[in-house]
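Go ahead and model the full structure; you've got the sequences and the hints to work with.
So for the sequence shown, UniProt numbering puts the first residue at 1; every next one is plus one.
Do not take every clue at face value.
In silico EDC-like links for lysine to aspartate or glutamate, alpha-carbon gap of 16 Å or less [what the hints assert, rightly or not]: (1) K263 with D235; (2) K146 with D320; (3) K348 with D328; (4) K34 with D82; (5) K205 with D235; (6) K12 with E55; (7) K108 with D120; (8) K263 with D293; (9) K115 with E49; (10) K205 with D245; (11) K348 with D293; (12) K115 with D242; (13) K34 with E135; (14) K263 with E288; (15) K12 with E49; (16) K12 with D54; (17) K34 with E3; (18) K205 with D226; (19) K115 with E3; (20) K146 with E79.
Think of the hints as simulated: they come from the structure by calculation, not from any bench.
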Amino acid sequence: MAEVRGVVARAKGEPVEVTTIIVPDPGPGEAVVKVQACGVCHTDLHYREGGINDEFPFLLGHEAAGVVESVGEGVTGLEPGDFVVLNWRAVCGECRACKRGRPWYCFKTHNATQKMTLADGTPLSPALGIGAFAEKTLVHAGQCTKVDPSARAAAVGLLGCGVMAGIGAAINTGNVGRGDSVAVIGCGGVGSGAVAGARLAGAAKIIAVDMDPRKLEWARGFGATDAVNAREVDDVVTAIQDLTDGFGADVVIDAVGRPETWKQAFYARDLAGTVVLVGVPTPEMQLEMPLIDFFSRGGSLKSSWYGDCLPTRDFPLLVDLYQQGRLDLDAFVTEEIALDGVESAFHKMHTGDVLRSVVMF
1 MAEVRGVVAR
11 AKGEPVEVTT
21 IIVPDPGPGE
31 AVVKVQACGV
41 CHTDLHYREG
51 GINDEFPFLL
61 GHEAAGVVES
71 VGEGVTGLEP
81 GDFVVLNWRA
91 VCGECRACKR
101 GRPWYCFKTH
111 NATQKMTLAD
121 GTPLSPALGI
131 GAFAEKTLVH
141 AGQCTKVDPS
151 ARAAAVGLLG
161 CGVMAGIGAA
171 INTGNVGRGD
181 SVAVIGCGGV
191 GSGAVAGARL
201 AGAAKIIAVD
211 MDPRKLEWAR
221 GFGATDAVNA
231 REVDDVVTAI
241 QDLTDGFGAD
251 VVIDAVGRPE
261 TWKQAFYARD
271 LAGTVVLVGV
281 PTPEMQLEMP
291 LIDFFSRGGS
301 LKSSWYGDCL
311 PTRDFPLLVD
321 LYQQGRLDLD
331 AFVTEEIALD
341 GVESAFHKMH
351 TGDVLRSVVM
361 F
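Shown next as structure tokens:
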């Protein structure tokens, strides 16, 4: 058992606080990881605002990299000293998706069985089953993916959520291919990841769409060939069509997750094109459209879960590409902050001043 500092959200909408948390020794199938870096993701803010569930108090943080400190009984392939990126979808290997050879859709993902607690014994709900705004965290061993230990923790830890979601939305879900045209609506961390993924896949034209000129400039840095400021055009759909010979893009990725942006994605794709929804809607959002348009346009309408990634396959590959200079993960790290800077980072996220603030330990 260890006493460490961690960032906790005690109640809906209240500022987070740094406090003492208790991390138990790992049980069967579990691991304790000494966290080196953890990105501040919008999902953490969703937890604080009660947008995920009401199981307060939450131990926030989930985009993390660190070193395994100890492992529990029955853990194989993972040892103390291993440098790992944490993931929130540890596949089970036994559900119907895994047995059909589609483990990236695993319907029975694992988290640690034991609970981390406050000093008074109050159980904590770790964000996405990780809880890495803490000096150490307890996870299921399957949530640890070994990667090149010489990689920069602040950069590769971002593969734990947003950047992987974006890259995977393009490569895994959207199946972007060489010579394709791609449009990405919303160019924050996830959208910029989608731009980077489309570039890795060999897309010939990558159109970034956002209302913030700073985000459009960031997207150009990740490989966007064109930028559309949604505030400055009469119609986003027409703007995308104008950049694709009037046809629309082969793949359009909605990294915002609102009915308005999804409709733009739907109508901005070419006939038989693909729409990928990777932005997360809220439960009350509704969509109403003519059913005939779904039939007459053909193609694929997909939702991307975590970029449909398989951590054991995708994390080491992307880290290798990063180490080779072919994927600029460093560019996602806007600032490095201390543990007590998380609340301030939430404010910067709201104002669009950062792609990612990263807590360093």
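Hints, verified against the model:
1. Distance check on the hinted pair: K263 and D235 sit about 12 Å apart at the alpha-carbon level, within 16 Å; holds.
2. A C-alpha spacing of about 12 Å is found between K146 and D320, which places the hinted pair at or below 16 Å, so the restraint holds.
3. The straight-line distance between the Cα atoms of K348 and D328 is roughly 22 Å, outside the 16 Å bound, and the hint therefore fails.
4. Under the criterion of a C-alpha separation no larger than 16 Å, the hint pairing K34 with D82 is consistent with the structure, at around 10 Å.
5. Of the supplied pair hints, the one linking K205 and D235 is violated, its CA atoms being roughly 19 Å apart against a limit of 16 Å.
6. Between K12 and E55 the CA atoms are separated by roughly 10 Å; this keeps the pair inside 16 Å, and the hint holds.
7. A threshold of 16 Å between alpha carbons decides the hint, and for K108 with D120 the separation of about 31 Å lies outside it, so the pair is violated.
8. In summary, the hint linking K263 to D293 is supported, as the alpha carbons are separated by about 11 Å, within the 16 Å threshold.
9. Pair hint K115 plus E49 does not hold up; C-alpha atoms about 22 Å apart against a cutoff of 16 Å.
10. A threshold of 16 Å between alpha carbons decides the hint, and for K205 with D245 the separation of about 11 Å falls inside it, so the pair holds.
11. With a C-alpha separation of about 39 Å, the suggested pair K348 and D293 falls outside the 16 Å cut-off, and the hint is violated.
12. A distance of roughly 54 Å separates the Cα atoms of K115 and D242; the hinted pair therefore is violated under the 16 Å criterion.
13. Note on K34 and E135: the hinted pairing holds, with a Cα-Cα distance of about 6 Å set against a maximum of 16 Å.
14. Taken as a hint, the K263 and E288 pair is honoured in the structure, with Cα atoms around 9 Å apart against an allowance of 16 Å.
15. Of the supplied pair hints, the one linking K12 and E49 holds, its CA atoms being roughly 5 Å apart against a limit of 16 Å.
16. The hinted pair formed by K12 and D54 meets the criterion: a straight-line CA distance of about 8 Å does not exceed 16 Å.
17. For the hint pairing K34 with E3, the CA-to-CA distance comes to about 12 Å; that is within 16 Å, so the pair holds.
18. Proximity of K205 to D226 is assessed by CA-CA distance (about 8 Å); at most 16 Å being required, the pair is judged to hold.
19. Straight-line distance between C-alpha atoms of K115 and E3 comes to about 14 Å, which keeps the hinted pair within the 16 Å bound.
20. A hinted pair counts as satisfied when its Cα atoms are at most 16 Å apart, and K146 with E79 qualifies at roughly 10 Å.
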